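Line by line, the protein sequences give chains A and B.
Residue numbers for the first sequence, in my numbering: 26 to 309.
Residue numbers for the second sequence, in my numbering: 9 to 267.
These are computed hints drawn from the structure, not numbers from a lab.
A hint or two may mislead.
Cut-off 30 Å, straight-line C-alpha distance, at most; resulting in silico cross-link-like pairs (DSSO-like, lysine-lysine) [to be verified]:
(1) A/Lys-277 / B/Lys-30
(2) B/Lys-156 / B/Lys-203
(3) B/Lys-46 / B/Lys-30
(4) B/Lys-16 / B/Lys-57
(5) B/Lys-114 / B/Lys-30
(6) B/Lys-57 / B/Lys-156
(7) B/Lys-251 / A/Lys-277
(8) A/Lys-277 / B/Lys-207
(9) B/Lys-203 / A/Lys-277
(10) B/Lys-191 / B/Lys-57
(11) B/Lys-203 / B/Lys-191
(12) B/Lys-57 / B/Lys-30
(13) B/Lys-36 / A/Lys-277
(14) B/Lys-56 / B/Lys-36
(15) B/Lys-257 / A/Lys-277
(16) A/Lys-277 / B/Lys-37
(17) B/Lys-87 / B/Lys-36
(18) A/Lys-277 / B/Lys-87
(19) B/Lys-36 / B/Lys-16
(20) B/Lys-226 / B/Lys-257
Among chain B residues calculated to face chain A with C-beta under 7 Å, some are [said to hold, decoys possible]:
(21) Glu-32
(22) Tyr-35
(23) Phe-71
(24) Pro-81
(25) His-100
(26) Asp-104
(27) Asp-112
(28) Arg-134
(29) Lys-156
(30) Val-201
Predicted model only: the values in this text are computed from it and were never measured.
Every residue, glycine too, gets a C-beta built ideally from N, C-alpha and C.
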Amino acid sequence: MVQILVYGAVISAIYAMLAVGFTLIFGVARILNLAHGSFYALGAYAVYTFTAVVHLPLWLASVLAVLFVAAFGMVMERVLVRPLRRSSLAVLLITLAVALMVEQMLLLVFGSEARNVPSMVNATYHFAGVDISSQRLLALGGAILILTSLWLFMQHTRLGSAILAISQDAEAAQYMGIPSDRIYSIVMGLSAGMAAAAGVLVAPFQTVIPGMGLLPLFKAFAIVVVGGLGSIPGSIVGALLLGYTETIIAFKISIEWSQIVSVAAVLITLILRPAGLFGKRAAF
Amino acid sequence: MNPINSAKNSNALLGFISGKLKGELGYKKISILGENAKWVQDMVPAIKKGAEAAGLEVPVAEFFDVQTTDFSPIFSKVKDSGSQYLIVILSHAASDVFVKQWYDAKVPVPIGGIDVKSMDANFFDRIGGKSIAEVSVNFLLRAPLTPKTVPWWDKFVSLYKRAPVYTASGAYEAVHIYAEAVKRAGTTDTDAVIKELEKTDYIGPRGRVQFDELHEVKDGPGFVNVLFVQWQNNGERVVIWPKEVANGKMINPPWLAQN
Numbered sequence: 026m027v028q029i030l031v032y033g034a035v036i037s038a039i040y041a042m043l044a045v046g047f048t049l050i051f052g053v054a055r056i057l058n059l060a061h062g063s064f065y066a067l068g069a070y071a072v073y074t075f076t077a078v079v080h081l082p083l084w085l086a087s088v089l090a091v092l093f094v095a096a097f098g099m100v101m102e103r104v105l106v107r108p109l110r111r112s113s114l115a116v117l118l119i120t121l122a123v124a125l126m127v128e129q130m131l132l133l134v135f136g137s138e139a140r141n142v143p144s145m146v147n148a149t150y151h152f153a154g155v156d157i158s159s160q161r162l163l164a165l166g167g168a169i170l171i172l173t174s175l176w177l178f179m180q181h182t183r184l185g186s187a188i189l190a191i192s193q194d195a196e197a198a199q200y201m202g203i204p205s206d207r208i209y210s211i212v213m214g215l216s217a218g219m220a221a222a223a224g225v226l227v228a229p230f231q232t233v234i235p236g237m238g239l240l241p242l243f244k245a246f247a248i249v250v251v252g253g254l255g256s257i258p259g260s261i262v263g264a265l266l267l268g269y270t271e272t273i274i275a276f277k278i279s280i281e282w283s284q285i286v287s288v289a290a291v292l293i294t295l296i297l298r299p300a301g302l303f304g305k306r307a308a309f
Numbered sequence: 009m010n011p012i013n014s015a016k017n018s019n020a021l022l023g024f025i026s027g028k029l030k031g032e033l034g035y036k037k038i039s040i041l042g043e044n045a046k047w048v049q050d051m052v053p054a055i056k057k058g059a060e061a062a063g064l065e066v067p068v069a070e071f072f073d074v075q076t077t078d079f080s081p082i083f084s085k086v087k088d089s090g091s092q093y094l095i096v097i098l099s100h101a102a103s104d105v106f107v108k109q110w111y112d113a114k115v116p117v118p119i120g121g122i123d124v125k126s127m128d129a130n131f132f133d134r135i136g137g138k139s140i141a142e143v144s145v146n147f148l149l150r151a152p153l154t155p156k157t158v159p160w161w162d163k164f165v166s167l168y169k170r171a172p173v174y175t176a177s178g179a180y181e182a183v184h185i186y187a188e189a190v191k192r193a194g195t196t197d198t199d200a201v202i203k204e205l206e207k208t209d210y211i212g213p214r215g216r217v218q219f220d221e222l223h224e225v226k227d228g229p230g231f232v233n234v235l236f237v238q239w240q241n242n243g244e245r246v247v248i249w250p251k252e253v254a255n256g257k258m259i260n261p262p263w264l265a266q267n
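Generate coordinates for the entire structure from the input sequences, incorporating the hints supplied.
This is the structure:
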């Protein structure tokens, strides 16, 4: 039981970081960003490059990796997405193109071989039958910290209020003097940075390969379908549901069946409640 | 030419389980974990049956999806089952992830079996030394398996600036074996070449290549041998099974008492 609680919490926290960034940019700018998994992959490769090639300390490499990917996301929004914003299909396709381009670039630059990112912390903890590495606990703590910071930022800053206003009614917010283009750019940076932070935190215990962004994109997509596209609370609840269901199935039935959970969750949600658990409510 | 087929791989694994794990180390309980891929689907039940016939308990024998990114639940199940060893069979899955998570959690059960990524010469360095004590079958490493092995390995490295993977020698041998068969047949006619291929007796970097009645590469001592190779300190690779060709003692991971 304790094992399920702990392992489920770790996986759910990582899923939540991915899904919240994915749903954030949709909730605010109505961008269904298929390049979200690429931000995760770029975060992992950036931290690898800053540590293994540039030889920076791991903490500094992690911060720089997140900032780099956030900047990449903002540039992508400004140069590629903004000119196409009038057509949601065009935006969808351009983000897909970015996803493919990033994967191919990583393949060309780094090759297909997996890259190793060292653990930020090396201890292992054993309690109540649970064997867990400190890196996983760090990922859990980091995810909670980042999600809490995001909530505080949204609720208690002027910029957060502006983002909320845009998400509720973009036109009215513009009439009130909120620069929507600037907000979209900032939100894309936030979304990309969160995905990159997830990539940085999990890179030491996951594999860093060019195609690593696809599965997280799929998981994020499944979570926001379950939670309701555009809803941050929905994404967090969806991440918990998916993470814990996968863990329980892996423990009680077989690890073989755990990967089918996300597919089943999407199908069931689309049949029973297409808007998702929180889909009818406001974005935040 | 390579790898050898699943039936032969299974036999080799059963030899390791009954000869090394039960025979020499006295283990009584093992678990088996294989990726859910066609080549493994028949192996896991066959190995479980064989291990039980050899007198071992097999409390956990499971498959996992090749997309799996979190192995914590299965490690917990294996540990809770009281297993003394975890046999792994994986090729398409990300064994980097599997081995890193095993090491990071200091799972108190050693691992070994068929891990194709672990057959790479740079695997140990690639995952930061976390494959310490992992055992994987291999067919080729820089050791005097035949008089050709070491010079061939060094030539490969000088040409391609990287160590060969296990399939490289098979590909190399295949070209030479075919060329010699064509020379002997004096034609490229398929049936004539097949007859000559059946007579193959070729010493390659991996060992002596002959084909059996099913046209499979013969394996075992004296032929292409399935070597059980363990990652040891500083990334050194040591053959620990079969007994006849072993060149070192099997070690446990650093967080477990040594045998």
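*Minimum beta-carbon distance criterion (7 Å), B/Phe-71 to chain A*: 4 Å, holds
_Does B/Lys-30 sit within 30 Å of B/Lys-57, going by the straight-line distance between their CA atoms?_
15 Å, holds
*Between B/Lys-36 and A/Lys-277, does the CA-CA distance stay at or below 30 Å?*
Holds - the C-alpha atoms of A/Lys-277 and B/Lys-36 are around 24 Å apart, at most 30 Å.
*Mind checking the alpha carbons of B/Lys-251 and A/Lys-277 for me, to see if they're no more than 30 Å apart?*
39 Å, violated
*Hey, B/Lys-16 versus B/Lys-57, does the alpha-carbon distance stay inside 30 Å?*
The given pair, whose Cα atoms are some 15 Å apart, holds under the 30 Å limit.
*Does B/Lys-36 lie within 30 Å of B/Lys-56 when you go C-alpha to C-alpha?*
Given that 30 Å is the threshold and the Cα spacing comes to 13 Å, the pair holds.
*Has the given pair, B/Lys-114 with B/Lys-30, been kept, meaning a C-alpha gap of at most 30 Å?*
Within the cut-off at roughly 23 Å; holds.
*Please verify that hint: B/Glu-32, Cβ, nearest Cβ of chain A, below 7 Å or not.*
This interface hint is violated because 27 Å lies over the 7 Å limit.
*Holds or violated: is there a CB of chain A closer than 7 Å to the CB of B/Arg-134?*
Holds. Min distance 6 Å.
_Holds or violated: A/Lys-277 and B/Lys-30, Cα atoms, limit 30 Å._
29 Å, holds
*Does the nearest C-beta of chain A fall within a distance shorter than 7 Å of the C-beta of B/Tyr-35?*
Check failed: Cβ of B/Tyr-35 comes no nearer than 20 Å to chain A, outside 7 Å.
*30 Å Cα cutoff - pair B/Lys-226, B/Lys-257*: 27 Å, holds
In summary, the numbered hints that this structure violates are 6, 7, 8, 9, 10, 15, 21, 22, 25, 29, 30.
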